[in-house]
Amino acid sequence: MANYINQIGIKYLRLLHVVSPGWGNKKQIVDKLNNLGVLLHSFGYGITIDVREGYPPGEICEVATENDIDFIFLPWRRKSKVYRTLLGSTAKEVVRLTDQPVFVYKNFPENGKEENIYRILYPTDLKGAAARAVPYVKALGKQASVVVLLHAGQRAADPVSEEKRQKEINKQMGELKNIFSPYFSIIESNSSIGIPYRNILKQVDDKLIDLIVMGRFNKIPIHTIMGSTSVRVVDQARCSLMLIP
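Under our numbering, the first residue of the sequence shown is numbered 759, with each subsequent residue one higher.
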């Protein structure tokens, strides 16, 4: 995990643990955080320890806002589908609530992959939310050698409109390739038709993606949370994600 943090250029870490109100044994938690802090400090990071009481997603977002945090870094905890359906997950709630960029770290040792960022997937609908992720993708070109550009959309109602749509997509995807060409050795571009999150997940598996970088709308409304592309990808992708509001 420390190697992943280093690759995205982070130098200072605030280690936060949120406990239930009235939790008695805070000393044990502080001791564990201090031990982790000592380990991470040996990698050159500045460390601050923080223990809060309350609802974890809300406290995480509040601490991030109070301290002008650049990234909220969340290790992903795999849980059963029933647990996720009934109780949700901290990562998904933080993605919904925060205005800060979120990095969801997923480690799948069974994949046999090293903890390095070589291949990035940048899904885009060619609109404002996705465009905000462009500077982050460029910055990651210092570590990654391959970026895969993916546009997933719906077919137009008639052949003439569809041809016009495809021409516009090809034009804008070509412009994106030009933007990223100084930063990556290899740029792949794909355009697909269908449900966006399914196409993203397929690309992750087909292209052996290490990291997804994608934009999202600020404050996803609660009534659309289950249908949000970013939340579905957080839940199901078998790689780490960087979500940019």
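A portion of the hints provided could be inaccurate.
Derived DMTMM-like pairs (lysine to aspartate or glutamate); straight-line CA-CA distance at most 20 Å [said to hold, decoys possible]: (1) Lys785 <-> Asp808; (2) Lys896 <-> Asp828; (3) Lys960 <-> Asp883; (4) Lys965 <-> Glu946; (5) Lys885 <-> Glu851; (6) Lys929 <-> Glu946; (7) Lys900 <-> Asp857; (8) Lys784 <-> Asp828; (9) Lys935 <-> Asp916; (10) Lys769 <-> Glu811; (11) Lys896 <-> Glu921; (12) Lys896 <-> Asp883; (13) Lys922 <-> Glu933; (14) Lys864 <-> Asp993; (15) Lys790 <-> Glu811; (16) Lys784 <-> Asp808; (17) Lys965 <-> Glu921; (18) Lys864 <-> Glu933; (19) Lys769 <-> Asp828; (20) Lys896 <-> Glu946; (21) Lys885 <-> Asp826; (22) Lys785 <-> Glu811; (23) Lys900 <-> Asp883.
If you anchor each label on the Cβ, the simulated ranges turn out as follows [claimed, not checked]: (24) Ser919 <-> Thr823: 37 to 47 Å; (25) Glu921 <-> Thr823: 29 to 39 Å; (26) Lys922 <-> Lys769: 41 to 51 Å; (27) Tyr813 <-> Ser903: 34 to 44 Å; (28) Ser903 <-> Leu794: 42 to 52 Å; (29) Gly804 <-> Val918: 53 to 63 Å; (30) Arg923 <-> Lys784: 51 to 61 Å.
Rather than coming from a laboratory, the hints here were simulated on the basis of the structure. As the structure is a computational prediction, the values presented were derived from the model and not from experiment. Ideal Cβ placement from N, Cα and C applies to all residues, glycine included.
Against the structure, the hints come out as follows:
no., hint, in the structure
1, Lys785 <-> Asp808, "12 Å, holds"
2, Lys896 <-> Asp828, "16 Å, holds"
3, Lys960 <-> Asp883, "17 Å, holds"
4, Lys965 <-> Glu946, "10 Å, holds"
5, Lys885 <-> Glu851, "24 Å, violated"
6, Lys929 <-> Glu946, "15 Å, holds"
7, Lys900 <-> Asp857, "26 Å, violated"
8, Lys784 <-> Asp828, "27 Å, violated"
9, Lys935 <-> Asp916, "28 Å, violated"
10, Lys769 <-> Glu811, "26 Å, violated"
11, Lys896 <-> Glu921, "30 Å, violated"
12, Lys896 <-> Asp883, "18 Å, holds"
13, Lys922 <-> Glu933, "17 Å, holds"
14, Lys864 <-> Asp993, "10 Å, holds"
15, Lys790 <-> Glu811, "17 Å, holds"
16, Lys784 <-> Asp808, "11 Å, holds"
17, Lys965 <-> Glu921, "27 Å, violated"
18, Lys864 <-> Glu933, "31 Å, violated"
19, Lys769 <-> Asp828, "11 Å, holds"
20, Lys896 <-> Glu946, "15 Å, holds"
21, Lys885 <-> Asp826, "26 Å, violated"
22, Lys785 <-> Glu811, "14 Å, holds"
23, Lys900 <-> Asp883, "25 Å, violated"
24, Ser919 <-> Thr823: 37 to 47 Å, "43 Å, holds"
25, Glu921 <-> Thr823: 29 to 39 Å, "46 Å, violated"
26, Lys922 <-> Lys769: 41 to 51 Å, "47 Å, holds"
27, Tyr813 <-> Ser903: 34 to 44 Å, "41 Å, holds"
28, Ser903 <-> Leu794: 42 to 52 Å, "31 Å, violated"
29, Gly804 <-> Val918: 53 to 63 Å, "58 Å, holds"
30, Arg923 <-> Lys784: 51 to 61 Å, "57 Å, holds"
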